[in-house]
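When you get a sec, could you build the whole thing from the sequences and use the hints?
In the order they appear, the protein sequences are chains U and C.
Under the numbering used here, the letters of the first sequence match residues 1 to 501, in that order.
Under the numbering used here, the letters of the second sequence match residues 1 to 501, in that order.
I should point out that these hints are in silico values taken from the structure, not numbers from a laboratory.
Among these hints, one or two may not hold up.
Where chains are identical, the list cannot tell them apart; a pair therefore holds if satisfied intra-copy or between any two copies.
[As the list claims (entries may be wrong)] Taking lysine-lysine and the BS3-like style, the derived pairs with C-alpha atoms no more than 30 Å apart in a straight line are:
#1 K2 to K467
#2 K88 to K463
#3 K105 to K78
#4 K385 to K449
#5 K385 to K350
#6 K22 to K449
#7 K350 to K2
#8 K105 to K132
#9 K308 to K350
#10 K463 to K449
#11 K324 to K78
#12 K58 to K350
#13 K411 to K232
#14 K350 to K132
#15 K324 to K63
#16 K132 to K22
#17 K63 to K22
#18 K411 to K499
#19 K63 to K356
#20 K350 to K63
#21 K356 to K132
2 protein chains.
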Amino acid sequence: MKSAVSPRREEDFPEWYQQVVKVADLAENSDVRGCMVIKPWGYGLWECIQRQLDFLFKETGHKNAYFPLFIPLSYMEKEAGHVEGFAKECAVVTHHRLEAGDDGKLHPAGELSEPLVVRPTSETIIGATYAKWVQSYRDLPILINQWANVVRWEMRPRLFLRTTEFLWQEGHTAHETEQEALEETERMIRVYEAFARDHLALPVIAGEKSESERFPGAVKTFTIEAMVQDRKAIQAGTSHFLGQNFSRASGIRFLSRQGAQELAWTTSWGVSTRLIGTVIMTHADDDGMIIPPRIAPAHVVILPICPKPETRDAVLAAAEALRKRLAALAFHGAPLGVEVDRRDIGGGVKNWDWIKKGAPVRIELGPRDLENGTLAVSRRDRAGKEFLQTDAFVEQAPAILQSIQDALYAKALAWRDEHTRVIDSREDFRAFFTPGNPAKPEIHGGFAKTHWCGARACEERIKNDLKVTIRCIPFDAVQEAGRCVECGEPSGRRVIFAKSY
Amino acid sequence: MKSAVSPRREEDFPEWYQQVVKVADLAENSDVRGCMVIKPWGYGLWECIQRQLDFLFKETGHKNAYFPLFIPLSYMEKEAGHVEGFAKECAVVTHHRLEAGDDGKLHPAGELSEPLVVRPTSETIIGATYAKWVQSYRDLPILINQWANVVRWEMRPRLFLRTTEFLWQEGHTAHETEQEALEETERMIRVYEAFARDHLALPVIAGEKSESERFPGAVKTFTIEAMVQDRKAIQAGTSHFLGQNFSRASGIRFLSRQGAQELAWTTSWGVSTRLIGTVIMTHADDDGMIIPPRIAPAHVVILPICPKPETRDAVLAAAEALRKRLAALAFHGAPLGVEVDRRDIGGGVKNWDWIKKGAPVRIELGPRDLENGTLAVSRRDRAGKEFLQTDAFVEQAPAILQSIQDALYAKALAWRDEHTRVIDSREDFRAFFTPGNPAKPEIHGGFAKTHWCGARACEERIKNDLKVTIRCIPFDAVQEAGRCVECGEPSGRRVIFAKSY
Numbered sequence: 001m002k003s004a005v006s007p008r009r010e011e012d013f014p015e016w017y018q019q020v021v022k023v024a025d026l027a028e029n030s031d032v033r034g035c036m037v038i039k040p041w042g043y044g045l046w047e048c049i050q051r052q053l054d055f056l057f058k059e060t061g062h063k064n065a066y067f068p069l070f071i072p073l074s075y076m077e078k079e080a081g082h083v084e085g086f087a088k089e090c091a092v093v094t095h096h097r098l099e100a101g102d103d104g105k106l107h108p109a110g111e112l113s114e115p116l117v118v119r120p121t122s123e124t125i126i127g128a129t130y131a132k133w134v135q136s137y138r139d140l141p142i143l144i145n146q147w148a149n150v151v152r153w154e155m156r157p158r159l160f161l162r163t164t165e166f167l168w169q170e171g172h173t174a175h176e177t178e179q180e181a182l183e184e185t186e187r188m189i190r191v192y193e194a195f196a197r198d199h200l201a202l203p204v205i206a207g208e209k210s211e212s213e214r215f216p217g218a219v220k221t222f223t224i225e226a227m228v229q230d231r232k233a234i235q236a237g238t239s240h241f242l243g244q245n246f247s248r249a250s251g252i253r254f255l256s257r258q259g260a261q262e263l264a265w266t267t268s269w270g271v272s273t274r275l276i277g278t279v280i281m282t283h284a285d286d287d288g289m290i291i292p293p294r295i296a297p298a299h300v301v302i303l304p305i306c307p308k309p310e311t312r313d314a315v316l317a318a319a320e321a322l323r324k325r326l327a328a329l330a331f332h333g334a335p336l337g338v339e340v341d342r343r344d345i346g347g348g349v350k351n352w353d354w355i356k357k358g359a360p361v362r363i364e365l366g367p368r369d370l371e372n373g374t375l376a377v378s379r380r381d382r383a384g385k386e387f388l389q390t391d392a393f394v395e396q397a398p399a400i401l402q403s404i405q406d407a408l409y410a411k412a413l414a415w416r417d418e419h420t421r422v423i424d425s426r427e428d429f430r431a432f433f434t435p436g437n438p439a440k441p442e443i444h445g446g447f448a449k450t451h452w453c454g455a456r457a458c459e460e461r462i463k464n465d466l467k468v469t470i471r472c473i474p475f476d477a478v479q480e481a482g483r484c485v486e487c488g489e490p491s492g493r494r495v496i497f498a499k500s501y
Numbered sequence: 001m002k003s004a005v006s007p008r009r010e011e012d013f014p015e016w017y018q019q020v021v022k023v024a025d026l027a028e029n030s031d032v033r034g035c036m037v038i039k040p041w042g043y044g045l046w047e048c049i050q051r052q053l054d055f056l057f058k059e060t061g062h063k064n065a066y067f068p069l070f071i072p073l074s075y076m077e078k079e080a081g082h083v084e085g086f087a088k089e090c091a092v093v094t095h096h097r098l099e100a101g102d103d104g105k106l107h108p109a110g111e112l113s114e115p116l117v118v119r120p121t122s123e124t125i126i127g128a129t130y131a132k133w134v135q136s137y138r139d140l141p142i143l144i145n146q147w148a149n150v151v152r153w154e155m156r157p158r159l160f161l162r163t164t165e166f167l168w169q170e171g172h173t174a175h176e177t178e179q180e181a182l183e184e185t186e187r188m189i190r191v192y193e194a195f196a197r198d199h200l201a202l203p204v205i206a207g208e209k210s211e212s213e214r215f216p217g218a219v220k221t222f223t224i225e226a227m228v229q230d231r232k233a234i235q236a237g238t239s240h241f242l243g244q245n246f247s248r249a250s251g252i253r254f255l256s257r258q259g260a261q262e263l264a265w266t267t268s269w270g271v272s273t274r275l276i277g278t279v280i281m282t283h284a285d286d287d288g289m290i291i292p293p294r295i296a297p298a299h300v301v302i303l304p305i306c307p308k309p310e311t312r313d314a315v316l317a318a319a320e321a322l323r324k325r326l327a328a329l330a331f332h333g334a335p336l337g338v339e340v341d342r343r344d345i346g347g348g349v350k351n352w353d354w355i356k357k358g359a360p361v362r363i364e365l366g367p368r369d370l371e372n373g374t375l376a377v378s379r380r381d382r383a384g385k386e387f388l389q390t391d392a393f394v395e396q397a398p399a400i401l402q403s404i405q406d407a408l409y410a411k412a413l414a415w416r417d418e419h420t421r422v423i424d425s426r427e428d429f430r431a432f433f434t435p436g437n438p439a440k441p442e443i444h445g446g447f448a449k450t451h452w453c454g455a456r457a458c459e460e461r462i463k464n465d466l467k468v469t470i471r472c473i474p475f476d477a478v479q480e481a482g483r484c485v486e487c488g489e490p491s492g493r494r495v496i497f498a499k500s501y
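Written out as structure tokens, the structure reads:
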């Protein structure tokens, strides 16, 4: 079967992914290694994600602010675990001007007395600021989010999933009590979980990271984990309970209700443009991108079909009239996004362009449709097209979009469930994660729900042998007695093991 | 007269400005020299500006995208004028990790083979990308905008007006013909002009820069110039016609309709967080910030006055009910922003907080008001308060906001007109720009509408002697014969001279 994307998913998943990003016109590599150019269609996706998440953050009491791009090198040293986690991937600014050298070329000049690190994340610089803002318990909580770019030097970059520069949001909050900070940490992972489910059509598993997978400097890290179509996991968002580690490092002290000097309890939480990579790997198919309607830059694309020049004006006018009718409708409280592709190229090329870009609904409108008051509707989540009366389509459009949204979620959920196995023996566990196991090829890879004793040694061994890690200890894990799949020691609940991006 | 801000404007304008930024809780200096922290109230202002401008950009056919933060050093050299303009203020990344040295401290490590410049503006990196996207005239125009942070190393930083890192948008377009690119350049300066007038309540003069004040590498630079309360000018936005300079440097070539290889014609245009500084310097007074309603993060602030604990619940409930009624109203197509200040502090302190922050309308609501169905309304642009029936206020709220918006514009316009002088003699010109001129203290400073021969030498001399520059050659300058205020040579139209930020 011919497909628009080559190779197909089962032929070469990583290369298929790159091709989808390309043919869907989402992003491309720049000349700066590891840094991507996010193209208008891809950035439109990010704008939808950003607007909707921003609304959810504000609904939960947060305000946006903006902190410096640069962090003094000495700040990075303040929290031991933190610097260890990020030192290997920091872009460092050492000079503040350029000067022509004897060779006639430009060279860095004006060396800084203290180098500046381009923020890989902002706990330290924001912590230093909060330390100035907080004097008394009356100044708490601080509930702030920042939309920003961050840089983590990446040796093996992959568009959206792992880039040297990426866009994200980072929430940073400070609280009076441990309990409040813990509640905030969980509230925000639940916001991410619901956003992933309802907006991105991603079924994710929310849970806690094991110690070895925690954010550098955190006391607890909560995560949402998605399964994509090669059955690997992607960490799609995290929320960290930082205890008093960063407030100690930054000196966020306050006079408590009891009149004592105390350290604040802080959290941080973030999602990034990686979400776009996760959406692609979850929903796209061998014909290109499939965008969940709720985050689509355009919900409906109208393709005027004008085979003869003399019908062109009438068809374009009808397309514009339809655009206006649709744009007056709402989908989840916002106006329907409608685009008319007026390019003077063949209908087939136009149609394939929008299939590859993953627009949820395509409408073909030709001269004959004008006479009959009809149009041809194609849903990106299904093959084929349906001929409808224009009025009937306009009436149904929001419901069709919701039906696509639901279908994408259901499909992703079925895929995840199909590839999630309860595994109890070491042998089955190793077989599950060993490619090309001839005995059981049908069960290769995915999520293994498995008992784990809690020892770092077992986790390490599994990671070294199989490149498999604990993705999370699910919040909804049932308390049940079992034995660690690696060492056989007792375990009280199952965790999720998987290969991951 | 006691005022909330000390010093007052006429005592020390620069220090008054710093104090307004501080007491209004808009921004503060960070520990990284020249980089500011934009606090929630200040960032809220930026979000309003951003949302409204973004709408105007999309209405004029632009889409957003995102390009890398880093620019290879060699790209900076491609356009001679450009590198000359920016080389002295570039933050340069030279290393990509940190390593502990023998002293136990962290040091930059992993030197890059080619240093990277943190973008001071993105013509060169975007040009390199467009060169790949453009093959034929069918690929044009490209109409893209980017919201981003940029860095220009700043020796004398000043919050919002001149910071090392700032937030901005930069539009970058490529066109088939010179005419189209010129039209785009003018279209966007007109968008800025209208936005400044209708949203920021800033009367600005739109015009063209003289050669010496052009953007480095541009063929023409259009600008909008505002006058603030110390009668200096602020360049509030610019739009550049880049000719084929950057397309030549980046190799943006296309196959024309005639089958020839041609260079594209490009433009770029931007406004930044400097707009916030301009708004402060224009509208704020000796009691703090005054925010034009159209860009206010909250239009109406409700201050519940609860002198006795037993009335607290009832007053808070009434405040919440009022909030809901107001939030259901619209101001220029968006819901009214309403905040209830529930803090358990004295009414006077609360009231002054919001005066200093510049919220357009404050509502005081106490126990007696509940009985009478009344409230006390204070407009930030006027002294005093008015007692109104709640229903009457709700009905009038959008009109009150528009009246504040109009009053701020009218006041700023009157100020500008009062301090704009038609000047024809060299003597008057020099007197106008010489502080403490005992003969004519009343006409010191402002905009001088003056004839200029067009020679760079005259411009230079005036700049050196008086620190005064040509802000722009207004688009609406009348053609009239006159003589250069410096050398007496013939001139065909007046230009605007002023001191500037």
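Checked hints:
Taking the shortest alpha-carbon separations for K2 and K467, neither the intra-copy value of 34 Å nor the inter-copy value of 70 Å comes in at or below 30 Å. Taking the shortest Cα distances, K88 and K463 sit within 30 Å of each other inside one copy (21 Å), while across copies they are farther apart (49 Å). Proximity of K105 and K78 under a CA criterion of 30 Å is satisfied inter-copy only: 11 Å between copies versus 38 Å inside one chain copy. Taking identical chains as interchangeable, the C-alpha atoms of K385 and K449 are never at most 30 Å apart, the minima being 41 Å within one chain and 66 Å between chains.
With identical chains, the CA atoms of K385 and K350 are at most 30 Å apart within one copy only, with a shortest distance of 15 Å there and 62 Å across copies. Taking the shortest Cα distances, K22 and K449 never come within 30 Å of each other, neither inside one copy (35 Å) nor across copies (54 Å). For the identical chains of this complex, K350 and K2 are intra-copy neighbours only, at 18 Å inside a copy versus 68 Å across copies, given an alpha-carbon limit of 30 Å. In the homo-oligomer, the alpha carbons of K105 and K132 lie at most 30 Å apart only across protomers (26 Å), although the nearest pairing inside one protomer, at 44 Å, exceeds that limit.
For the homomeric pair K308 and K350, the shortest alpha-carbon distance inside one copy (16 Å) is at most 30 Å, but the shortest distance between copies (69 Å) is not. In this assembly of identical chains, the alpha carbons of K463 and K449 lie at most 30 Å apart only when taken from the same copy (16 Å versus 75 Å across copies). Neither within a single protomer nor between protomers do K324 and K78 lie at most 30 Å apart by alpha-carbon distance, with minima of 57 Å and 46 Å respectively. For the homomeric pair K58 and K350, the shortest alpha-carbon distance between copies (23 Å) is at most 30 Å, but the shortest distance inside one copy (39 Å) is not.
For the identical chains of this complex, K411 and K232 are intra-copy neighbours only, at 16 Å inside a copy versus 63 Å across copies, given an alpha-carbon limit of 30 Å. When the C-alpha separation of K350 and K132 is checked against a cutoff of 30 Å, the pair qualifies only between copies, where the shortest distance is 22 Å, while the shortest distance within a copy is 57 Å. Taking CA atoms no more than 30 Å apart as the test, K324 paired with K63 passes between copies only; the shortest distance there is 20 Å, against 35 Å inside one copy. Taking the shortest Cα distances, K132 and K22 sit within 30 Å of each other only across copies (13 Å), while inside one copy they are farther apart (46 Å).
With identical chains, the CA atoms of K63 and K22 are at most 30 Å apart between copies only, with a shortest distance of 18 Å across copies and 35 Å within one. Taking the closest pair of Cα atoms, K411 and K499 come within 30 Å of each other only inside a single copy of the chain (21 Å); across copies the shortest separation is 65 Å, beyond that limit. Within a single copy, K63 and K356 get their C-alpha atoms only as close as 37 Å, which misses the 30 Å cut-off; across copies the closest is 19 Å, which meets it. In this homomeric assembly, K350 and K63 come within 30 Å of each other (Cα to Cα) only across copies, at 20 Å, whereas the closest approach inside a single copy is 42 Å.
For a Cα distance limit of 30 Å, the shortest separation of K356 from K132 across copies, 20 Å, qualifies, whereas the shortest one inside one copy, 51 Å, does not.
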